[in-house]
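Q: Read off the chains here:
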Amino acid sequence: MSPTRMSYREALRAALREAMQRDPRVFLMGEDVGRYGGTYAVSKGLLEEFGAERIRDTPLSELAFVGAGIGAALGGMRPIVEVMTVNFSLLALDQIVNTAAALRHMSGGQFSVPLVIRMATGAGRQLAAQHSHSLENWYAHIPGIRVLAPATIEDARAMLWPALRDPDPVVIFEHAQLYNLEEDLPAHWESNADISHARVRRNGTDLSLLAWGGCLGKALEAAALLEGEGISAEVIDLRVLRPLDMDTVLASVRRTHRAVVVDEGWRSGSLAGELLARIAEESFYDLDAAPARVCSQEVPIPYAKHLEDAALPQVPMIAAAARRVAGRDA
Amino acid sequence: MTATVAPPPSGPVPYEQEFALRLLADMVRIRRMEEACAQRYGEGRIRGFLHLYIGEEAVATGAMHALGAQDNVVATYREHGHALLRGVSMAAIMAEMFGRREGCSRGRGGSMHLFDAATRFFGGNAIVGGGLPLAVGLALAAKMQGEGRVTACFFGEGAVAEGAFHESMNLAALWGLPVAFLCENNLYAMGTALARSESRTDLCAKAEVFGMPALRADGMDVVAVHEAARQAVAQVREGGGPVFVEFQTYRFRAHSMFDPELYRDRAEVEAWKTRGPIHTYSARLKAQGLLDEERFLALDRAAEEEVAEATAFAESAALEPVEDLLRDVCTPPEAGP
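Residue numbers (my numbering), protein chains in the order written: chain E, 1 to 330; chain U, 1001 to 1337.
Isolated chain U (complex conformation):
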């Protein structure tokens, strides 16, 4: 079976050099961090589920740069990159993967449950579709309090089969809530292809059912992602109610570290790799004279150094004492909100 994919993203990058390179550097940071995670997983240092985002970096990168500090972010269990670009330190993310107290969830959450109150990062949610109602509520609170916050809600295309998706989309549209529904369509819900699970595979049509504006963007092209996300976020911020965006992307690695990938052809994966977000974007930047090999190597080296420092931090970080096992099941009286 030969997979046919669209040609690699191309065309001019419409940004100043500094921002253009920031996007590249952030994609590389996610890639290098997750490669290190996979390696540590292989060594048995990271356990549990580990869902890698490798191949999909353009989505989190382009979208996260469209948000402001006041905005809310709700993500899925494949959220390492989202947390990192939202501003959670790589050290805190790595320490969480290592199950350490210095982890961003004190070692209680692991890979799937990264949280950070300071950056309004409302988590890693390991129930498919589980984040959507939460995002609707965050947006409701923002609207009732007259705050200009946008809630960005990331989810995979697998979530559109869940009742939570339809209920949440309806509620957000009905109440005109400031949510950007950002659907990362990587074509497979674990091993189930979209066409094998949806009677209608046009995801934007599902949003339009609720009277919600819907956009579609090439999720392998950080420029297309950023432009679509900017447009959606601006529209939501202006008070126009929720907007849905489908990012068409592809994961290069298995669903999780337990996945033998029996459901897709190697050729399909290889074909999608020709559309890889980092090398295609780098080539465009080089063609425009915004990047040369030396510069690429420098930002790659910086990412590797960040990963090395984060990993060293995680390895030396303390474990939560077992005596604190029950801590934070309930809020201590003095710490109430």
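One chain only, chain E, in its complex shape:
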């Protein structure tokens, strides 16, 4: 089989279609997933294919329809709830944190919640402060849920099915900048993908660049730039934001002895901070230099293009941080 060229959006749609075909308990619900075809056109055509019972348009009631997803999962279905963006998921946080994540433990192991929640995340499209959040870290903070960040066509295609097979809630973050990304889906992609481990996306020897979701591409670009300067950067795609696969991260850091984390979240209380803390706790004496992170500026993301660009991690900043950590910034 030869690789198939497709967009991130098409890969997500193919995954939804496969899940709907394979398991009659699976259904999709969310705002504008049906008639409109999905805000990002991910579910376009699925209403015609599967009908309104299984491609279910909801009112603008994030709290109720996310909670309904939890209830439907408890009732024996395998719902996929699409929350249009992470920004609106704040309206549903109560149900996700107080119910979905807590229910199994709080009930003494009686009730698992096999629910998948998909949402777009991230900035970069001049949508200003209320439509540009990167709050993956908030979700990654919560015990009882798994958090995924597909950054490649293959992961967009392959992560949904295993997420649906997970007996516990899974939150999938799709960076809004990735929907138009086009890549070859490798011929050997697995429909039962690993959703527990990080992956090395580029091998290198001088430092480890850790990234995920919308920042993976920037980290890879930075690595290409650094290569021209004689710095060999290894790029790790975290893929799974909870639970963190520290084995892969630490194995890389122990080889390169240097680490830079790229995170579109704000620096204070960031996932980057958590990763650096764990690296320091577990690999302090492997490090040859203080590690660094490139995060968003601590400001509500502004509208104007030049200001938005300045607020977000960009390739030159990542490269600069890498040079500093590699001791090559002179």
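Hints should not be assumed to be uniformly reliable.
[Stated by the list, open to error] What follows is a list of derived Cβ distance ranges for each label pair:
1) A1117(U) / L60(E): 50 to 58 Å
2) A52(E) / C1204(U): 51 to 59 Å
3) G1146(U) / R255(E): 34 to 42 Å
4) R1101(U) / R165(E): 25 to 33 Å
5) P1014(U) / N98(E): 37 to 45 Å
6) D57(E) / A1298(U): 44 to 52 Å
7) A1318(U) / S196(E): 30 to 38 Å
8) F1258(U) / R255(E): 52 to 60 Å
9) F284(E) / Q1070(U): 54 to 62 Å
10) R165(E) / F1049(U): 49 to 57 Å
It should be emphasised that the hints constitute simulated quantities derived from the structure, not laboratory data.
Bear in mind the structure is a predicted one, so any value in this text is a computation, not a measurement.
Every residue gets a Cβ at the ideal spot worked out from N, C-alpha and C, and that includes glycine.
Start from chain E and add chain U according to the hints.
A: Same frame as chain E, now just chain U:
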């Protein structure tokens, strides 16, 4: 301030003696169990929050007897009575209050989070209004799977101020889902009286906004509760979509064990006690010749014995080993649904 309340529930009880006495016995079981909980709380054996249902027993009793084993139940943090009448053993409830492994939530939930998969009791929810979306989803699953299940969703009148109430009522009505929304209106959301929190205090009107049939029943009268609940559940089961029922009731005890009750007059509480669900119902049964004092004492004694056994069980039950603290945060691979 003298509180004016309606006259005590009266009139004939339209049931065979066995069922009529079952209702009475169940109200007494809840009452005795919770009195014991309060006592254990005072002794420091039960901790955390403890929200007593004393005074409101007719609601859970009348409503729970309108449901079948296949139905789903979603309740609030004031759910001891609901769990008991749904079929969770008093021993498992008591053990949960004592924080023991043999508790119905292995000691992880406590008073506010009683759960029981076997009886489709989806919990104790300590977020006001938090159970409503869950109930909508359970009903959606039942409808999509063509099951004849009704989801009974209990909540207090305080929940009607939450967005979750309005969003859930809309969704259930829009999709014609089999939910019975059972509102226990005890007049106070913690210390805030309904009239101090709602621009419109007619709760049935709020349901009618969504095109949902709404009933109102005297929540101090187990007969009125049971009849309204039966009607609502039947209507929901026939596929007519959700139904809302307001049960007007009153809690005789404080909101929780921390509540100094500064927001209501003692006279009001005493006035409502004249409408107490157990003694008024007992009087009606006696007037009809369905109950005599000896019989009452016998069922009261049986409840006391059940409480004594449950308490003894809870006191001797094991604690979850600390090594198992992290157990069930996630589902073990082999135990997946």
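Q: Next, verify each hint and record whether it holds.
A: Hint check:
Separation of A1117(U) from L60(E) is about 33 Å and departs from the stated range, judged on CB atoms against 50 to 58 Å. About 31 Å separates the C-beta atoms of A52(E) and C1204(U), a value inconsistent with the hinted range of 51 to 59 Å. For the hinted restraint 34 to 42 Å between G1146(U) and R255(E), the CB-CB distance of approximately 56 Å leaves it violated. Roughly 30 Å separates the CB atoms of R1101(U) and R165(E), a value that falls within the hinted 25 to 33 Å.
Range check, P1014(U) to N98(E): Cβ separation about 42 Å, and the 37 to 45 Å hint holds. The given range of 44 to 52 Å is broken by D57(E) and A1298(U), whose C-beta atoms sit roughly 58 Å from each other. The hinted window of 30 to 38 Å between A1318(U) and S196(E) holds, with their beta carbons roughly 33 Å apart. Separated by about 56 Å at the C-beta atoms, F1258(U) and R255(E) satisfy the suggested range of 52 to 60 Å.
Hint check: F284(E) to Q1070(U), Cβ distance near 58 Å, so the stated range 54 to 62 Å holds. For the pair R165(E) and F1049(U), the supplied restraint of 49 to 57 Å is violated, since their beta-carbon distance comes to about 37 Å.
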